[in-house]
Every structure is written in structure tokens, then in C-alpha cells.
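Assemble the whole structure, with the sequences as input and the hints as a guide.
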Amino acid sequence: MNVFKELARSYNQLYIPPSDDTEEMYSNVVKRGMEPELKNLSHFKTSHLDKLECLDTPAGEVLCVTIGERADFVTFLQIIANKCKPVVIPDTQGASIISGIINWKKIHDHRDEYLKTLSYDTDNDLAWSEEFRRFTSDKKNYLDVLIVLSVGPYSAVPASQVNMSDDEWIVASDTIRKYHECTHFICRKLYPELTDAIWDEVVADTIGIYAAFGAFDPEMIKTFLGIKDGHYTFGRLENYVEEEDDTQKNAKLDELSCKISDLLGEFCDIIDKSDNIKPFDLIRFLEDSKESLW
6 MNVFKELARS YNQLYIPPSD DTEEMYSNVV KRGMEPELKN LSHFKTSHLD
56 KLECLDTPAG EVLCVTIGER ADFVTFLQII ANKCKPVVIP DTQGASIISG
106 IINWKKIHDH RDEYLKTLSY DTDNDLAWSE EFRRFTSDKK NYLDVLIVLS
156 VGPYSAVPAS QVNMSDDEWI VASDTIRKYH ECTHFICRKL YPELTDAIWD
206 EVVADTIGIY AAFGAFDPEM IKTFLGIKDG HYTFGRLENY VEEEDDTQKN
256 AKLDELSCKI SDLLGEFCDI IDKSDNIKPF DLIRFLEDSK ESLW
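Residue numbering for the sequence shown is 6 to 299, as defined by our numbering.
For the record, the hints were derived by calculation from the structure and aren't laboratory data.
On a predicted model such as this, the values are computed, not experimentally measured, just so you know.
Where is the CB? At the ideal position from N, CA and C, for every residue including glycine.
It is possible that some hints are incorrect.
As the list claims (entries may be wrong) - Listed below are the simulated DSBU-like cross-link pairs for lysine-lysine, each with C-alpha atoms no more than 35 Å apart in a straight line: (1) Lys194 <-> Lys50; (2) Lys10 <-> Lys44; (3) Lys44 <-> Lys121.
To be verified - FRET-style restraints, in silico, Cβ to Cβ: (4) Glu58 <-> Asp126: 43 to 49 Å; (5) Arg138 <-> Lys56: 35 to 41 Å; (6) Asp274 <-> Arg193: 22 to 28 Å; (7) Asn7 <-> Trp299: 42 to 48 Å; (8) Lys56 <-> Gly235: 38 to 44 Å; (9) Glu271 <-> Thr122: 55 to 61 Å; (10) Leu195 <-> Asp277: 20 to 26 Å; (11) Glu173 <-> Glu29: 45 to 51 Å; (12) Lys110 <-> Asp274: 44 to 50 Å; (13) Lys44 <-> Phe137: 23 to 29 Å; (14) Asp114 <-> Thr51: 22 to 28 Å; (15) Lys36 <-> Lys283: 36 to 42 Å; (16) Lys295 <-> Arg37: 39 to 45 Å.
Take a look at the structure:
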């Protein structure tokens, strides 16, 4: 199965290669549901590792796409998450959860079924116009959530840095990514009032590591984020800090590094007391501790 061809049935913007000159075309396809002039997917290399899965979580099912080629992962995020703009995707980003994607196939399929119910003397255009407003008034009818995963070392960390072989690390990275993004999906659905970018990343990494290894290793999270001895070195943490001034940014990163190091110690205690708990069940224990720990 060509994953991109299958996804393009629902998301026609995948036919539009990322460019600074695609704003009008993107608006026509995504906002107005128009068909693209050309249906060409040659900007995707494709890979035998590409796959689609429907994942079952405590917050419901979610579609997950795994993309084997790094270049395809970047192109996919530029199109779906960044309105077909050729923005830079950090090398440390290997996954994403994208919400609010308009699925025109769902709308068009509903239209086709609805029109079949009308009598021959009905004004179809007027009837569908009214039904369209009713149908799209409920966002659940036509807005999708996608989990997008790349294939490769998690957080761009080499296998040698986590004392594993390359093959072992690729397998573990896939599990960490999948559970990391599923954790975001679950938390946004079940704990929307507790959203905090850095807390969410630490919790999601914790669940991913626990799912991949059946145990928790706080040092691995520090490696992913770029924390050593309570100070920031280089890693994913800077992706979540907004300060533009270098001095202020470095001070904030060091402050967060110390705070996260303390938090991970608390997470170790929580997990040690949660005997053989399942990864998704662990989310509740961590979220319940947020007020006292963060």
C-alpha cells in the first residue's frame, strides 16, 4: 500500500509540494474542498517502512502514520502541519501529533449519502447547503487527529549514547515515539486543563521509555532533552523555550534542567510504587501528581 496515496484520499493537500507560492492553492483545497489541479505525489520518495495503524487508547482510537524516509517525514509535516510552507523541521523532532485536520472525504461521503435520501423534487443545492451547516457544526464529524512518526534514532540520539546496538535502538525508538505521541493524545483529551508543553514532554517521554523497556530510566530522558548534572548541554529542551535573547534563554534552560532533574527523581518514586502498571495507566498517576511536583 502506498501510504501517501491512501492518505491523499482524505487530505488532498498532500498533492501540493511545499512552497512559498502555494497559499491560494492550499486555501482552495483545504478551506474550500476543491480538487487540486494536479494529483501528483512524486515529492514523496516512499519506503517499505511506511505504514498506517489505528491505535486504541483510553481516549479513543487515533490514526497513526509511520514514515520511513526522513525527507518524507519533513515534507509531510510541512504540508499537513505548516500549510504547505517549506519551514525547517528540527532534526531532534521525530514525531508529531496534528489536530484539527479537515477531512473533506468525510464531508463528501456524507453529502453523497444525504443526497440519496432526498425526494426527486427537492432543491438539492439548498438542502445540502443547510445540511452542510448542520453537519460541520460538530467538529467531530470532519476534523481529524493524526499521529505522525518517523523512523530513526529517538531525538536524534545515537545508539552508542544509550548503550544499545543500532538495530535495538531503532526498534526501541519506534515504541518510544508511538507511546510518546499517544500520551499527548490521551492527555489533551482527558486532561485538557493541565496542558503545559515541558511537563507534557517529560511525561510523554516517561511513558515511552517505560513502554519500550518495562522500566524507567531518568538518565535517558536527560539525554533526550540535553540535560547533564542539572545543566543544559544540547538537546530537545530548547525546542520548547521561547526566549529570544541568548542570555535569558540559557538561564531559562539551566533553570528548567534543574527543575526537570528533580521531577524525574519524583517520577522514579511514583513508578517504583506502581508495581507492574501498564504504560497508559501510569499517565493518571503522573498527572495526579502535577500540582504538587510542578
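**Study point:** Hint numbers not upheld by this structure, sorted from lowest to highest
**Key:** When the structure is compared with the hints, none of them turns out to be violated.
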